[in-house]
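**Q** Sequence:
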Amino acid sequence: MANSRLFIRQYKLSLTVIAINLGCIAGLSLSVEHSINSKIPLPINEEKYQQNQPQNIPKFKVEIPQQQQKANQKLVGKLVQEEAKSLNFSVPLQFQGKTIREVKIKSEQKVIALTFDDGPWQNTTVQVLDILKQETIKATFFVVGKSIKNHPHIIKQVVADGHAIGNHTWSHQYHQYSSAHAAREFNQTADLIYKLTGVKTSLFRPPAGILNNGLVSYAHQQKYAVIMWSVDSKDWRSRHITVQGLIDSTLKAAQPGGIVLMHDGGGDRSKTVEALPKLIAELKKQGYQFVTVPELLEMEANENKRLHVTP
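In the working numbering, the protein residues as written are -18 to 292.
For the record, the hints were derived by calculation from the structure and aren't laboratory data. This list has only true hints and no planted wrong ones.
Ranges between beta-carbon positions, derived for each pair: (1) K130 to E255: 27 to 33 angstroms; (2) K79 to H221: 29 to 35 angstroms; (3) H162 to G268: 42 to 48 angstroms; (4) P133 to G268: 36 to 42 angstroms; (5) R165 to E255: 32 to 38 angstroms; (6) Q115 to N193: 36 to 42 angstroms; (7) K114 to Y155: 31 to 37 angstroms; (8) Q77 to K266: 33 to 39 angstroms.
By construction, the Cβ of each residue, glycine as well, lies at the ideal position given by its N, Cα and C atoms.
Let the hints inform the model, and build the full structure from the sequences given.
**A** This is the structure in structure tokens:
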């Protein structure tokens, strides 16, 4: 099994290297582009946010030959298809219809899961993906349907890079939901994720961590695993927290089996992007390995199976 996984990772790496080389040949240049309650501020509309940014930054347009564009799109599509096969995760029975804040790891492994909410966003999600790729870390992204619709190429890249996907509703609203409205929020998002990436996700995180407005009740009925968090980076307080404060908040609460809440969309996440490499470096110094939420759930499920097997 280990050899098989190694072969798959090497195959994916080869495809990624090919994609990078193709991009270089074409002269590609990437553009520069909660606590668990309702105190977390509403996410900012991305279009309005971008309009409020400085307008005097020079913009560069790189003309890519149409044939090269098609070749790049085809390669990314192949990567997405390959990753989708491994990312169609079936939640272990013990977690279906349950709310999870952390995973109890009984072994000596120091593992932790980074999660990112409210994306994809044009600038910050791409920057986060670049950092994770450089650090060879897989994370879990809880995506908003409207944002996926606006940035289909980014959600495809998230999957092509091997990250796990969770449902974070279509519109990221905090109000009370009827069963029919909750179903629309779930299904619209789930259908678009599948249409664009081939991934069928059974992970859900409610906006702002609100548990009593109808969304979590619907998620439980549909056997979703509702994934909360045990480590709040507090990056949602973007105007009131420093980069070092973000790092300190995370390190203070980190523990094996922990789930870290961060954001790649919904507002100004420049501090998250700046803090992420430093945070990863410090967690690595402490001996942590990084896993996705599905991997974390599988670890606990497998440990429970071993404990209940009699010789």
